[in-house]
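There are 2 protein chains.
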Amino acid sequence: MNDAALIDQLIALIGPQAVLRDAADLEPYLQEWRGNYRGTAGVVVRPGSTAEVAAVVKLCAGRGIGIVPQGGNTGMVGGAVAEAGQIILATDRLTAIRELDAEGDHITVEAGVVLAQVQAAAEAADRLFPLSLGAEGSCRIGGNLSTNAGGTAVLRYGSMRNLVLGLEVVLPDGRVWDGLRALRKDNTGYDLKQIFIGAEGTLGVITAAVLKLFPRPRSVAAALVAVPDPAAAVALFGRARAEAGGAVTGVELMPRLAIDFALRHVPGVIDPLAEPHPWYVLLELSSTAADAPLAQQLESILAHALEAGLVDDAVIAASEAQRRTFWHLREAIVEGQRHEGGSIKHDIAVPVARVPAFLERATAAVEAAIPGARVVPFGHLGDGNIHFNLNQPEGADRAAFMGRGAEINHRVHDIVAAMGGSISAEHGVGLLKRDEVAERKPAIEIELMRRIKQAIDPAGIMNPGKVVRA
Amino acid sequence: MNDAALIDQLIALIGPQAVLRDAADLEPYLQEWRGNYRGTAGVVVRPGSTAEVAAVVKLCAGRGIGIVPQGGNTGMVGGAVAEAGQIILATDRLTAIRELDAEGDHITVEAGVVLAQVQAAAEAADRLFPLSLGAEGSCRIGGNLSTNAGGTAVLRYGSMRNLVLGLEVVLPDGRVWDGLRALRKDNTGYDLKQIFIGAEGTLGVITAAVLKLFPRPRSVAAALVAVPDPAAAVALFGRARAEAGGAVTGVELMPRLAIDFALRHVPGVIDPLAEPHPWYVLLELSSTAADAPLAQQLESILAHALEAGLVDDAVIAASEAQRRTFWHLREAIVEGQRHEGGSIKHDIAVPVARVPAFLERATAAVEAAIPGARVVPFGHLGDGNIHFNLNQPEGADRAAFMGRGAEINHRVHDIVAAMGGSISAEHGVGLLKRDEVAERKPAIEIELMRRIKQAIDPAGIMNPGKVVRA
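Heads up: the sequence lines are chains A and B, in that order.
In terms of our numbering, the first sequence is residues 3 to 472.
In terms of our numbering, the second sequence is residues 3 to 472.
Be a bit skeptical, because a hint or two may be false.
[As the list claims (entries may be wrong)] Straight-line distance between alpha carbons at most 27 Å, and here's what the computed DSSO-like set of lysine-lysine pairs gives:
| # | chain 1 | residue 1 | chain 2 | residue 2 |
| --- | --- | --- | --- | --- |
| 1 | A | Lys60 | B | Lys60 |
| 2 | A | Lys443 | A | Lys347 |
| 3 | B | Lys347 | B | Lys443 |
| 4 | B | Lys60 | A | Lys443 |
For the record, the hints were derived by calculation from the structure and aren't laboratory data.
Nothing here was measured: the structure is a model prediction, and the numbers come from that model.
Isolated chain A, as found in the complex (with noise of 0.2 Å):
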């Protein structure tokens, strides 16, 4: 960015020190923490409040400048890279909790709040925001809406979208629009929170929203479950509905392979079982009753389970402590596997019963395709939701390897789309999957995308090049 007459207005606009240039302060707005993609714009604005925010965006919306809004950096699809001549439009400074009305069950965040920090919030009002994932000590609430985030309570309750009540937005002209609505009920015409929600920057600025907030579940039951194969996995969640209904809360499916990474490579991981078996599920119940017998209710299930030969063994966490590791063991997957190597990855979904045909059908044709590529497909079982990832072969070339996940991906995709799955289900498109959803998608979806693009953002100018093109 070498145009100083622009400089000189963001810093008339929101100050010397929200306008980043020097290399050093750049960096962490540039790199992408997977390593994927590198940014080349050589401006950052911080602006700290909405109106900063929209004095920015009708700035660069007179000059035609590309705008590329940026939460906590930790998305996975390339979202928030941005290319010289553009400027990362960073929301960190955006990080006031402007309401929490307990009564009413809901919170109103600007978005730079992060994660973390809106759980805390409606802990200490003895509330829940359920949305919780793995970056959720630096993700930013305006990221999560951008990428209608999801995670592991979205069995329960829903993914990113169905927390959200209202929306502040600044549009891609720099006007505000004020749908900060905290109504559980409004249908006065299009619901136009929803075409933000998960557009991922491109059709605007979310600068604040009112999110619902929901009574804390008081109690809670979890078991690691060893199970023959996945098939034996989606037979445990099925009699776990039947059993015990909305209670089932949380179903993580892991293979014993990421076990073992996790164990090898991360503190404090713990095999609670005596032997080694295949598959395993993390069942959890929840309730907010506060003397729910979810610990019988799991035993009971579990035994039924035994009986038909879908569990081969199992342990319930006889404390919250021991809860929590197995949560930390299901947590340290993915750290688990970047001490293995490269590692070629999807975030796919298909329909909940398909996932064993998926794992089966998707495990022969990569192992096809690189004999000795370690397949570690883990997930959110409960909502088909499967992070079929592959570890290089041991002692194999890295780069040899990382080489081929192209292919790869292409490989896996097909079986997903014959399966009526997604290839994003929860990461987004960004750049990494802009081309391959317009090749994959029918033709009429992606001119009704592009056809939204053009009636928000008819100059193009917010979060260039990502979802669709232009």
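Knowing the structure of chain A, use the given hints to seat chain B on it.
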């Protein structure tokens, strides 16, 4: 419709039986059930498949003929009224349940399936489809989707929008968008289905949907609670949530006058309490656990509320039959009102905590405007959604009273607006509220709605004139 060539073409596309032109055949499609609107269209088409819908829309698009989609014709806002020169596209032959996947907890239905049939199909598979509202015996799923229907289960399950996994839509040019996905997570671009849900047929014709199913509640307990005033009702709701959390699934508010109207005019209505009281709450707990101790929980909630002076009297349903009589009482209010002369109605929502203040101000305003008007505000307290209706003073002239409807609406809606509320919580916009919505919403929001309408239906043939002026 005197265009004989068009009629011939329609008949060629979908058969003579499916193109209605006789006055007697047209009648049920032209008359709005509340008597506020009467259509003047000369033709109703009843396509029997998505392909036939597409063929009809394509034909009309080519000739610039307006299409008014119509489901059960149970709407409240004139959204399905068609003028001369337009055609009504009735969904009442699109009645297939295409698939029910109990394991995957979803059902695929065509737009013309009656809501009660979806509920029954779910129940037969030991599942719940939670949408529940007065017209459920005759309203159709396409209408529920197009109006984002609400009702009595929103507190726990959300509005119709929250119950949808996928849609099939015939676009305004006659092409079919097949978005019938059965995925719990899918972030591969803008979530197009959100645009069509709640659009009241102005952006395309929804022909089928994949809907979520849920575990069926196995325990339920309900109480009819007499409370001194709406503030006590809100406080009781708060206490119930504090004690029973997510088990609180129904919270309906009723004034004594509503009970009197129901008792006077509707067979089978019983007042289970010995004395009359100023206000009532129908409070229901439910759980998917088979043996949840909900009646005890309800007793405990009521005992604490009694101590706190929030409750005057209460009765807990001793049987399923008695529980049904509580709901019969609640549902009889609308019918009861109809026998008490003219009724000026409002379908408003405010944040839950503001319901008492709203009721106080709005009641004072309308009683000052029309002395003797009988205010009967009832509805979904848990959602902040009140049907603020007033009946004419006893013995007053009906026409004179109804003639003041617009003025009264304006007074009440001014109070709603001042409280950050919605002037159409669950019934939608249609013709009835289009111009008032345009006046009251921020101009930027109406502009965004127009841009979306223009982007998806540039020729303006889909349900012309509804929701937002072109």
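Of the hints stated earlier, which fail here? The structure breaks only hint 1.
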